[in-house]
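Trainee: Take these sequences, add in the hints, and give me the full structure.
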Amino acid sequence: MSGTQAPSDRMAEVERLTAALTDQILDAQIMNRPISEDQAHALAKGARLLHDNGMPWPPVLAQVLQTLMDGRSEAEPEPEISTEATNASAPKGLSRFLGAFRREKGPLDQPTSESDGGAQG
Numbered sequence: 020m021s022g023t024q025a026p027s028d029r030m031a032e033v034e035r036l037t038a039a040l041t042d043q044i045l046d047a048q049i050m051n052r053p054i055s056e057d058q059a060h061a062l063a064k065g066a067r068l069l070h071d072n073g074m075p076w077p078p079v080l081a082q083v084l085q086t087l088m089d090g091r092s093e094a095e096p097e098p099e100i101s102t103e104a105t106n107a108s109a110p111k112g113l114s115r116f117l118g119a120f121r122r123e124k125g126p127l128d129q130p131t132s133e134s135d136g137g138a139q140g
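Position one of the sequence shown corresponds to residue 20 (my numbering), numbered consecutively onward.
Calculated directly from the structure, the hints in this document are not laboratory data.
Cβ coordinates follow ideal geometry from the N, Cα and C atoms, glycine included.
Distance ranges between label pairs, derived from CB positions: (1) H70 - G90: 20 to 26 Å; (2) H60 - Q82: 14 to 20 Å; (3) P53 - S27: 32 to 38 Å; (4) P78 - A47: 15 to 21 Å; (5) V79 - M30: 15 to 21 Å.
Mentor: Here's what the structure looks like:
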């Protein structure tokens, strides 16, 4: 059955998974727990899929991505952690994506009111 999902069902699943990951990252931020590069990458990929398919971002997604970007730019890597290519390229890729999104949509902290009329639940 999963092999015959309609594209709208797949995007609904992407939206659900992105929302769940957003909640996990927000919880980690509140509890001052570390957020892995894999989580940041997965969230950025989910956001990109939603964006590329014309689906609006929930406001909390933009907030979490902005907080991740602010934390990446302020935090310095610890000296004992090696800076492999995967670790060094993660913030750059996320920065590049969010920079392109900002240019297209404006600042991340502004709510989108494309088709929902501003109603949130």
